[in-house]
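Novice: Starting from the structure of chain A, add chain B where the hints point.
In case you want the letters, here they are:
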Amino acid sequence: EAQVTQNPRYLITVTGKKLTVTCSQNMNHEYMSWYRQDPGLGLRQIYYSMNVEVTDKGDVPEGYKVSRKEKRNFPLILESPSPNQTSLYFCASSSQTSGRADTQYFGPGTRLTVL
Amino acid sequence: SQQGEEDPQALSIQEGENATMNCSYKTSINNLQWYRQNSGRGLVHLILIRSNEREKHSGRLRVTLDTSKKSSSLLITASRAADTASYFCATDHKGGSARQLTFGSGTQLTVLP
Chain A
38 EAQVTQNPRY LITVTGKKLT VTCSQNMNHE YMSWYRQDPG LGLRQIYYSM NVEVTDKGDV
98 PEGYKVSRKE KRNFPLILES PSPNQTSLYF CASSSQTSGR ADTQYFGPGT RLTVL
Chain B
1382 SQQGEEDPQA LSIQEGENAT MNCSYKTSIN NLQWYRQNSG RGLVHLILIR SNEREKHSGR
1442 LRVTLDTSKK SSSLLITASR AADTASYFCA TDHKGGSARQ LTFGSGTQLT VLP
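Heads up: the protein sequence lines correspond to chains A and B, in order.
Residue numbers for the first sequence follow this note's numbering, beginning at 38 and rising by one.
Residue numbers for the second sequence follow this note's numbering, beginning at 1382 and rising by one.
I should point out that these hints are in silico values taken from the structure, not numbers from a laboratory.
Since this is a predicted model, take the numbers as computed values, not measurements.
Among these hints, one or two may not hold up.
Below, in silico cross-link-like pairs of lysine to aspartate or glutamate (DMTMM-like), each with a Cα-Cα straight-line distance of 20 Å or less [to be verified]:
{"#": "1", "chain 1": "B", "residue 1": "K1475", "chain 2": "A", "residue 2": "D93"}
{"#": "2", "chain 1": "B", "residue 1": "K1475", "chain 2": "A", "residue 2": "D139"}
{"#": "3", "chain 1": "B", "residue 1": "K1437", "chain 2": "A", "residue 2": "D139"}
{"#": "4", "chain 1": "B", "residue 1": "K1475", "chain 2": "A", "residue 2": "D96"}
{"#": "5", "chain 1": "B", "residue 1": "K1407", "chain 2": "A", "residue 2": "D96"}
Isolated chain A, as found in the complex (with noise of 0.2 Å):
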């Protein structure tokens, strides 16, 4: 089956403990990018990543870092985490077919919430 995980679907955590939220897709994409939805803010982009070892940051990157050593992987770590940073993130996928921004496949989401 075509997916997007992630995990862990949950996670409470402290302030300043490093964490990192694993992002996996089966879909051969080579577009993966990860988003927070805040209530009233809807999804703001945080990295995006269009090829392997090709990263770049989207609206909301500070606070965060990503790496794509992989096609199928994206990770995104929170090196200080931080309580703004609270929030439900999403991963999501695509092909490059038009070379524009087509149809994204979203993973399940990630529950963060930093105490």
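Specialist: Quick look at chain B alone, frame taken from chain A:
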């Protein structure tokens, strides 16, 4: 920055009625997409309409695009309780980074049985 803005923010209708949601955006686009999100779940792609298209259909969904008004509408006909969800428009705007979609804040649709 927010590109697409949905209207209304919330919509409540009876089962069997049609639901119309609107999306306005600020700068020229390559394409506009509509997504659905059930509470707390991932978004699911519904339909994509390109800037040179004016209308598109998919099952009970009808999407229109008016590039002169920088707006789009999503019509769900003969709504069902299972259509209850949040609906988002997302735009790929010209001059922006390739592969970057900008999402609006969504319309919460409630279909009452």
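Novice: Output the indices of the hints that this structure fails to meet, ascending.
Specialist: none
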